[in-house]
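Undergrad: Sequence:
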Amino acid sequence: MGAPTVGDFAAAISAIRSADTLAIPLGPGVPGGFLHALGDSTATDRFVDLKVFGALLPDLYSLFTRPSVHLKSGFFGPAERFLRDTGADVDFVPADFRRFETVLHRLKPRVVAVAGSMPEEGRISLSLHAGAFTDTIADVIADPDRVLIVECSPHFPRTFGAGAYEHSIVVSDADHVVFSDRVPLNLADVAPNNAERTIAEIAVGFVRDGCTIQTGIGGIPTQVAARLAAGDGGDYGIHSEMFTTGLMRLHQSGKVTNRKGTEFDGFSVTTFAAGEPALYEWLDGNRDVRFLPVGIVNSPEIIARNRDMVSINGAMAVDLSGQVVADSILGKQFSGIGGHEDFVSGPGLSDNGRSLVCLPSTSVVNGKVVSRILGRLPEGTVVTTPRHQVDVVITEFGAAEIAGLSIAERAHALARISHPDFRDELSATADVWPSD
1 MGAPTVGDFA
11 AAISAIRSAD
21 TLAIPLGPGV
31 PGGFLHALGD
41 STATDRFVDL
51 KVFGALLPDL
61 YSLFTRPSVH
71 LKSGFFGPAE
81 RFLRDTGADV
91 DFVPADFRRF
101 ETVLHRLKPR
111 VVAVAGSMPE
121 EGRISLSLHA
131 GAFTDTIADV
141 IADPDRVLIV
151 ECSPHFPRTF
161 GAGAYEHSIV
171 VSDADHVVFS
181 DRVPLNLADV
191 APNNAERTIA
201 EIAVGFVRDG
211 CTIQTGIGGI
221 PTQVAARLAA
231 GDGGDYGIHS
241 EMFTTGLMRL
251 HQSGKVTNRK
261 GTEFDGFSVT
271 TFAAGEPALY
281 EWLDGNRDVR
291 FLPVGIVNSP
301 EIIARNRDMV
311 SINGAMAVDL
321 SGQVVADSIL
331 GKQFSGIGGH
341 EDFVSGPGLS
351 DNGRSLVCLP
361 STSVVNGKVV
371 SRILGRLPEG
381 TVVTTPRHQV
391 DVVITEFGAA
401 EIAGLSIAER
411 AHALARISHP
421 DFRDELSATA
431 DVWPSD
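At position 322 of the sequence shown the residue is numbered 322 (the numbering used here), and the sequence of numbers has no breaks.
Rather than coming from a laboratory, the hints here were simulated on the basis of the structure. Mixed in with the good hints there might be a few duds.
Unchecked claim - The calculated DSBU-like cross-link candidates involving lysine-lysine, where the alpha carbons are at most 30 Å apart (straight line), are:
hint, residue 1, residue 2
1, Lys-332, Lys-108
2, Lys-72, Lys-51
3, Lys-72, Lys-108
4, Lys-51, Lys-108
5, Lys-332, Lys-51
6, Lys-368, Lys-332
7, Lys-332, Lys-72
Since we're looking at a predicted model, the values are computed, not measured.
Using the sequences and the hints given, assemble the complete structure.
TA: Given below as structure tokens:
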């Protein structure tokens with residue numbers, strides 16, 4: 001591979017053929033300036049078939065409104081839902097986050113474009129995202145027929161990997177290095193409602209001193225992290241697919257020691273980070289957090305090796321058998337599978353691990369209050385995580401510890417934590433479960 005072109009977007013844009021394949025990372029790893037420039041340039045007029053693989057777009061890009069551009073997404077966010085609902089060619093690829101690695105190997109995109117920090121000492125940190133791209137980037141670098149584009153911004157923090165995973169590339173290994181003033185996605189903390197505060201209080205009861213913790217985004221995980229930061233406990237470890245502002249605050253409280261009992265002791269483990277600007281400032285040059293490939297971070301076997309692992313995940317609905325719906329609504333894609341099943345199943349492979357699936361007992365649909373604990377899943381529902389993986393389900397009305405319970409026992413346990421307005425009906429269903 002020769003010396004990279006360095007500078008603005010023109011040369012990088014010209015590297016995209018009229019019929020081509022392009023892969024971009026999930027959310028925080030998206031090279032946003034490049035995608036905007038590509039969509040706004042006259043180059044799009046020559047596209048006849050551009051296939052793009054990505055996930056969780058952090059912004060709306062005009063590129064994806066072109067009829068000749070086709071987006072395959074492994075995780076929907078607001079941008080994908082808007083594009084889909086307004087007629088763009090956006091389709092969902094059913095795969096958990098770990099399997100993105102396999103998908104990329106099979107698709108073998110000719111062009112890979114990623115975001116990174118500013119070059120330093122001849123290397124570019126991959127900043128906020130490792131995900132499924134570690135091996136793919138190496139494959140592209142080794143193949144002269146493929147193209148690597150790296151967008152560098154001073155607003156993207158310089159972060160680090162661990163062991164064999166450097167989480168950076170040599171500048172000369174890129175085909176095109178472009179510069180922008182793009183800032184990372186500002187993912188503000190979600191203010192919790194009363195039900196979420198109660199759920200977080202119940203969830204914290206499962207976290208003991210010395211536990212290793214995984215959380216995601218949203219009001220409940222934010223409240224869990226805040227309560228742990230303000231509480232009397234400590235000696236926590238962090239092994240989380242996503243590193244959030246809440247986990248930063250837990251670090252800042254002095255409660256994180258990362259004595260996890262694994263080869264990743266001494267630092268928090270993640271595969272991508274998203275949050276508020278303060279998070280990105282804190283991550284810059286900070287070796288207390290390490291970014292590793294998703295195949296490592298989301299491996300259930302590696303998750304299980306952590307000392308007293310506790311995972312905290314959300315759901316849209318749970319039926320009385322314990323099946324979890326977390327990424328679609330009546331079969332229509334809403335988000336993605338991500339690491340849901342991995343972090344629900346991983347703690348269950350150890351004696352002391354616990355996985356918590358947290359959800360308010362009700363939601364409002366078309367002005368009507370409906371239960372999120374369901375007797376039966378409606379026709380067309382797609383299950384995210386199967387019943388045999390589930391340990392604890394928590395609503396504001398309590399915790400149902402269903403691992404090890406029979407079908408009938410778990411049905412009654414889940415009915416008991418439903419909203420009182422629906423509890424009698426669900427209890428009656430549980431009485432005849434599964435013979436009805």
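Undergrad: Evaluate each hint against the coordinates.
TA: Hint check:
For the proposed pair Lys-332 and Lys-108, the alpha carbon gap of about 28 Å is at most 30 Å, so the pair holds. Between Lys-72 and Lys-51, the direct Cα distance comes to roughly 8 Å. Compliance with the 30 Å bound is thereby established for this hinted pair. Between Lys-72 and Lys-108, the direct Cα distance comes to roughly 14 Å. Compliance with the 30 Å bound is thereby established for this hinted pair. About 12 Å separates the Cα atoms of Lys-51 and Lys-108, which keeps this hinted pair within 30 Å; it holds.
About 22 Å separates the Cα atoms of Lys-332 and Lys-51, which keeps this hinted pair within 30 Å; it holds. Proximity of Lys-368 to Lys-332 is assessed by CA-CA distance (about 20 Å); at most 30 Å being required, the pair is judged to hold. Among the hinted pairs, Lys-332 with Lys-72 is consistent with the structure: their alpha-carbon atoms are about 15 Å apart, no more than 30 Å.
Of the numbered hints listed earlier, not one is contradicted by the structure.
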